[in-house]
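Line order of the protein sequences matches chains A and D.
Note that the numbering used here has the first sequence beginning at 1, numbered continuously upward.
Note that the numbering used here has the second sequence beginning at 1, numbered continuously upward.
Each statement offered as a hint is correct.
According to the in silico footprint, chain A covers these stretches of chain D (three or more CB under 8 Å from chain A):
| hint | segment |
| --- | --- |
| 1 | 104–116 |
| 2 | 122–133 |
From chain D, some residues computed to sit far from chain A (all C-beta separations above 10 Å):
| hint | residue |
| --- | --- |
| 3 | L17 |
| 4 | H155 |
| 5 | G169 |
No wet-lab data here; the hints were simulated from the structure.
Even glycine gets a Cβ: it sits at the ideal position worked out from N, Cα and C.
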Amino acid sequence: MADPVPAIPSNVHVAASSVLSGSQLFRRFFSERDPAVTIGAQCHLEDIQLALGKRARVTIGDHVYAAGLMILSEHEVQIGRRVIFSFHVVIADSDFHPLDPAQRVLDAIAISPLHTGAKRPEIGSSPVVIEDDVWIGPNVTILKGVTIGAGAFIEPGSLITHNVPPRARVLGNPAQIIGEV
Amino acid sequence: MWHLHPPARSGVEMSLLPDRRVRDDWFDGHVPASVDIDPQAYVESAYSFALCRAERAHAVRIARAAHLYSSTIFDVGTNGEVSVGPFAMLNGARLVCEARIEIGAYAAISWNVVIMDSYRLPCDPARRGALIEQAGAPLHRLVDPALAAQPVRLHDNVWLGFDVCVLPGVTIGEGSVVGARSVVCNDVPAYTLVAGNPARAVRELPRPARNPEAP
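Same shape as in the complex, but just chain A (with noise of 0.2 Å):
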């Protein structure tokens, strides 16, 4: 049985030479911006989940491969060329709640099935930015405000938190450097 083709909403731009597939691929999809999506050439994207808030914009370059990747953004997500991505990569712009308790009721409440009207508080995030050349383990997360150096080598599981500088070889929980490539 084939999956239903997902409607690609107008904002999305891909190269005629990718291919991507997903069940849920477009499933939380509502980014109003224009590019919201820009995806390469030769790209192959298997099984991916674009999970992207109104303001959100993701730029993937050529030769990206990626099977099982989730990119859950608010703001800006930029992904280089020749990146590979192993299975069950996560990626997230925005910590999406406050820290803080008293915003956090504030937030359950604005969020809540009662639609109140209530506006969401402010919620920090920044842009998360990949450059070339990359290799990303299976079951790595990579978390807001964090740029990954050109050529950089991230270990299965590991967990990005702080900058990874070009052609650092990254393993942990939150990730340290254990090396060069």
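Please arrange chain D on chain A, whose structure you already have, making use of the hints.
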């Protein structure tokens, strides 16, 4: 109709049917000829072997009384070899194999575990970039043939918690336990509890007075 658990049965039915389909399978596919499944092993679905590209006969061996549940994936390259020991349980692990992965008897492998004996692509970004551009699209299962894989071995009675990653070249000793979400990048001695990312020894575990016997 589908079910979360194997159907109740008396005695042991062979999971592998004569046409190399799996009994009561939700997936429309066959088990490759390179996979040996013991008549007394349980395999939930042929989907576990949909990414198995091993070419050698007996490349993948599933021993007696081992049980593999649905989301366990054997992502095995053309020269890869995997052995799963008797009474081992794989409940949704992913094995990335280009050389050799051995899982001993009585293993308990939880969901979303990754066991890999190869990074498949070179660490050097320039060489990796050249390979990627050369491959073009679709870039499916790109493997550098020059890259040496490092076999992984889990001795008998190893328990891996959920979301654990075991990196290339690692050996885990008999009776050891790896806590959930750990990343194992160094060898683990026998009868040791390790946890963390990267994984570190937490304490020793009691050694049994004698080897466990099959019922």
